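**Q** All chains should be modelled from the sequences, with the hints used to inform the complete structure.
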Amino acid sequence: MELRHLRSFVVLAEERHFGRAAARLHIAQPALSQQLRQLERETGTRLMDRSTRRVELTEAGRLLQGRAAEILAAVDRTSADLGSLAAGRAGRARLGFVGTATYDVLPRVALRVREELPEVELDLYGELLGPVLLDRLRQGELDIAVLRPGPAPLDDLDVVHLRDESLVAVLPAHHPKAGAESVALRELDGMQLVTHPSGHRSTMQPLVLDVCRRAGLDPRVVEVGETGTLVAFVAAGLGFGLVPASVHALRLDGVAYVPLAGRRITAALVLARRRDPAPTVARVSALVAAVCAPTTDHRRRTTDDRRPRTGADPGCSSGTGAAGTTPGDRPGGGRGSADRPGVSP
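Taken in order, the sequence shown gives residues 348 to 692; the numbers are from my numbering.
Mixed in with the good hints, there may be bad ones.
To be verified - If you anchor each label on the Cβ, the simulated ranges turn out as follows:
| hint | residue 1 | residue 2 | range |
| --- | --- | --- | --- |
| 1 | 458 | 390 | 48 to 54 Å |
| 2 | 598 | 564 | 51 to 57 Å |
| 3 | 361 | 508 | 56 to 62 Å |
| 4 | 487 | 430 | 21 to 27 Å |
| 5 | 568 | 508 | 26 to 32 Å |
| 6 | 424 | 558 | 37 to 43 Å |
| 7 | 416 | 598 | 52 to 58 Å |
| 8 | 508 | 584 | 33 to 39 Å |
| 9 | 507 | 537 | 39 to 45 Å |
| 10 | 629 | 536 | 47 to 53 Å |
| 11 | 506 | 564 | 27 to 33 Å |
| 12 | 422 | 487 | 28 to 34 Å |
| 13 | 636 | 417 | 39 to 45 Å |
Bear in mind the hints are in silico, worked out from the structure with no lab data behind them. In this text the structure is predicted, and so the values were computed from the model without any measurement. Positions of the beta carbon are idealized from the N, C-alpha and C atoms, including for glycine.
**A** See below:
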């Protein structure tokens, strides 16, 4: 049974007239009659009663009219969906983010994708380790990873540099330098350093310790599991931290983000994905890059957050949990702390 024969039959059933139906279909009447006869041979039953004045559907014809309309609508929907999938306008993308990109980048990516690619389903995972992100990416559990690159080679992946972010000091709100324009690291001598884990579990700690050593500091180190926990420890007065400037999006009370005095020190943020990505993954990757592009507005927001946060800021969240699935996205995307395997840079 050919689709074109079903389409012709539906039009003929609507018009109940061979001449008008043939005109709508842009075919000759004999061709339309031949298609109807072929359908009747295939179904083994009479579908229409013909007369010189009018065409009437038989009971079998009425059944086929309804079923054919459903079939043709499903075929049209499938064709449109496949076209959207091939163009990257539909499908699914699984994204993972390091902790230092969870609170700023993740929600803005989710919003941008929802606005520009509303048919794309997103699975979002925040507060993950860079090494864990790379493992999941290589194992096919993630499509895109947003992370801080470390010494490990990434030659087997497509890697796109997103931006370089200045490191800033996170200070307790009561610290004398909390409201300053900048702070020199030597002014923090004697304080504990709250940082991400050591070893191969984080790419941030080696950078942070190197910055401290170059400034002549050898602080006692307190390791924490997540970026949100790091900022919470600082708010509790347990030390200071050094984080990329975008961590200010966490908006936790009791801390101030203060630029470092002297030479600008940066941490790179990159996007990694497997080679030859699906069209949907390629389009979402482009939106991630657009969201992460350095802007004047981003720098201004970072500068504004130098001031200490000592009370509630209307409209801002003070939670420390990882950003999970955002409203409208797949509920399986965001995971709680039990799913986060330890720590993240």
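**Q** It remains to establish, for every hint, whether it holds in the given structure.
**A** Structure-based check of all given hints:
no.: 1; hint: 458 - 390: 48 to 54 Å; verdict: holds (52 Å)
no.: 2; hint: 598 - 564: 51 to 57 Å; verdict: violated (28 Å)
no.: 3; hint: 361 - 508: 56 to 62 Å; verdict: holds (58 Å)
no.: 4; hint: 487 - 430: 21 to 27 Å; verdict: holds (25 Å)
no.: 5; hint: 568 - 508: 26 to 32 Å; verdict: holds (29 Å)
no.: 6; hint: 424 - 558: 37 to 43 Å; verdict: violated (56 Å)
no.: 7; hint: 416 - 598: 52 to 58 Å; verdict: holds (54 Å)
no.: 8; hint: 508 - 584: 33 to 39 Å; verdict: holds (36 Å)
no.: 9; hint: 507 - 537: 39 to 45 Å; verdict: holds (41 Å)
no.: 10; hint: 629 - 536: 47 to 53 Å; verdict: holds (48 Å)
no.: 11; hint: 506 - 564: 27 to 33 Å; verdict: holds (32 Å)
no.: 12; hint: 422 - 487: 28 to 34 Å; verdict: holds (31 Å)
no.: 13; hint: 636 - 417: 39 to 45 Å; verdict: holds (42 Å)
Hint compliance for this structure: hints 2, 6 are broken, all remaining hints hold.
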